[in-house]
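Protein chains: 2
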Amino acid sequence: MVRSNSFPFDLIHSDTKTRARRGRLQLPHGVVETPAFMPVGTQGTVKGLTIDQVASTGAHILLGNTYHLSLRPTSELISELGGLHRFMGWDKPILTDSGGFQIFSLGDMNKVTEDGATFKSHLDGSVIHLRPEDSIRIQEQLGSDIAMVLDHVIALPASDEAVRDASDRSVRWAQRCKDAAVRADQAKFAIVQGGLNPEMRVQCAEQLIEIGFDGYAVGGLSVGEPPPEMYAILDKICPVLPTDQPRYLMGVGRPIDLVEGIARGVDMFDCVMPTRNGRNASAFTAEGQLKMRNLCHAKDDAPIEADCPCLACKHSRAYIRHLFQADEMLGPTLLSIHNLTFYQRLMSWARKAIEEDRFEEFLTEQRQKLA
Amino acid sequence: MVRSNSFPFDLIHSDTKTRARRGRLQLPHGVVETPAFMPVGTQGTVKGLTIDQVASTGAHILLGNTYHLSLRPTSELISELGGLHRFMGWDKPILTDSGGFQIFSLGDMNKVTEDGATFKSHLDGSVIHLRPEDSIRIQEQLGSDIAMVLDHVIALPASDEAVRDASDRSVRWAQRCKDAAVRADQAKFAIVQGGLNPEMRVQCAEQLIEIGFDGYAVGGLSVGEPPPEMYAILDKICPVLPTDQPRYLMGVGRPIDLVEGIARGVDMFDCVMPTRNGRNASAFTAEGQLKMRNLCHAKDDAPIEADCPCLACKHSRAYIRHLFQADEMLGPTLLSIHNLTFYQRLMSWARKAIEEDRFEEFLTEQRQKLA
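So the protein lines, in turn, are chains A and B. Those letters in the first sequence? Residues 1 to 371, by our numbering. Those letters in the second sequence? Residues 1001 to 1371, by our numbering.
Just so you know, the hints here were simulated from the structure itself, not pulled from any lab data. Among the hints, erroneous ones may be present.
Stated by the list, open to error - The calculated DSS-like cross-link candidates involving lysine-lysine, where the alpha carbons are at most 27 Å apart (straight line), are:
| hint | chain 1 | residue 1 | chain 2 | residue 2 |
| --- | --- | --- | --- | --- |
| 1 | A | Lys47 | B | Lys1299 |
| 2 | A | Lys314 | A | Lys47 |
| 3 | A | Lys299 | B | Lys1047 |
| 4 | B | Lys1314 | A | Lys47 |
| 5 | B | Lys1047 | A | Lys291 |
| 6 | A | Lys314 | A | Lys236 |
Based on the sequences and whatever the hints tell you, model everything.
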């Protein structure tokens, strides 16, 4: 298989005792240091944050949602206005998902045929037919640095037959996405499906590698299965994925899931948890989560985390609690900033641990603190 | 009458054709260049903005609400945590109102006797009795740079008798506030009442001046009366107020009201309009207001105001509209930042016009653009 070298991924160091990797991915809008966490900017904004606040958390790359943006304000409009980077005011890399997961989770009455997925818009109920070619066209209009292929996501548990059917279709759709792509300045990542069946997962991965992509994602996980099952799947898939290409675990997850994923060889993650939990008054810290509405914070003059450089941590826990009690927008904003900063700090600690060849100790430590 | 010189107010220039004044008020936490606009931080936060975003709009001084903060999180707690400045993370001047207006507008079943006001908390219905002495004690606990005396606000129109009764009581309460004050590092401003009756207004002002305060506010306006009536009252009151002390028009108002107030000799203003309208998708500009949900902005690549340095104006009108259509928090945040920046820019234009002795032209110009 011949690969383009348009999006170089340099492995700076591989941990000797785990599969953790320290890498550097070069994309049209800049460099992504891996392991990396991508904040989610569903509707062209990371909820509650200005774009300079997003940058201040330390993010190198954002995720944008093809499904949401294609419905509103539409990819045509974003293209007319110079693409998603310019629309959001973000000049660093962006990855766009393909819409597969949102069709599965949000689209009403979704029906999948070999041609594509038919679903009703969650906004106005209009019927939309999305083919793999459409997903790529939309992502090319958005102008993201990385486009994801359209995959067929199904609910788990499911019969082996249904899992294989969706997994095989995802491979054929991945090929159609690759064939449909026109822009050379956009990396294409494939998505490994196959449910919780390790053999089907490996088979799917091998078929996708045969087609050849710029990176490989693991999809269809973190949909309610126990974390150990997810880790077991990663144990099987990562070893068959190309060493010299980035690996992305979609929609994951809790801080400990990121660390466990890194230990198994994953390079990239995304999740709404830091912003969603932040809006719900839950703060991530190196010692676990804090519920900021709790009375114990009412008179606490200390910041959420004393060594955190974020805006929220310039204030007392008492102030943050007050904002939530008073239903002020600033509460969700400050906690979202804090949580995203925590996720980025966790990634920077992981990168350093790998560089210093002590990721196994780091993993043990994090299992005690976070799990 | 002997006045302390603890809070010097320097008149830098008085316009020769109007009553507009360019001043500088020195307060414990810094200098306020006047004419000045104070963003409102009702519950210890300017709604939707981080404190550095508030500073970025150009604000020199904020307003905090005694009524809201005393109910939640309580002034005792804020005092324990080092005062309102530290609680909010704002190290520039703060003015706190006395609670009089909120008791009038929010307090259920409010009853005023000579001793004080009795009302039900809008949070939990508990019955609270607030005397002038309590208002000052609370404001001293908050530690603001300027405390307002407790006044008796009544609904207009009202009988001459009712207006005089409330106005006279406000004077007696002002004296009690002055007598109750302990902190020497907190300026005390009196509030001129008297409804829309010019004679009562002037009489009230003269009585307050006789007692002697660090500044004088005009209260009980902007409660539904036509703007020309408000301007007429200012025309009467300002000439009797001490030239060498600051004058504050409470709760006002639209951009044109600020300019008209400055022309009549007002130095300070506060209003929730820039943030409230911002949350409702309305943008202030030098040419009037824009409704950002309107379809005409859907494809508009231009910023709200090309010469505005705010964060919102780094984005297109199309992006701002999209945020409101998609019900994203960032829409209200960005427009609040823009509107507060516009109000501060308007004040800076006014200050410059006064310095250059061309405020009358500026007023004519603004009447055409804003009214």
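Next on the checklist: Holds or violated: Lys1047/B and Lys291/A, Cα atoms, limit 27 Å.
Outcome noted: The given pair, whose Cα atoms are some 22 Å apart, holds under the 27 Å limit.
Checklist entry - Given the hint that Lys47/A pairs with Lys1299/B, does the C-alpha gap stay at or below 27 Å? => result Holds: Lys47/A and Lys1299/B sit about 22 Å apart, inside 27 Å.
Next on the checklist: Hinted pair, alpha-carbon criterion (27 Å max): Lys314/A, Lys47/A. Please report holds or violated.
Outcome noted: Holds. Lys314/A to Lys47/A sits at ~21 Å (cutoff 27 Å).
Checklist entry - Holds or violated: Lys1314/B with Lys47/A, Cα cutoff 27 Å? => result 18 Å, holds
Item to check | Holds or violated: Lys314/A to Lys236/A, with C-alpha atoms at most 27 Å apart | outcome: At roughly 44 Å apart (the allowed maximum being 27 Å), Lys236/A and Lys314/A break the hint.
Next on the checklist: Between the alpha carbons of Lys299/A and Lys1047/B, is the straight-line distance 27 Å or under?
Outcome noted: Status holds; Cα separation ~22 Å.
When the structure is compared with the earlier hints, a violation turns up for hint 6 alone.
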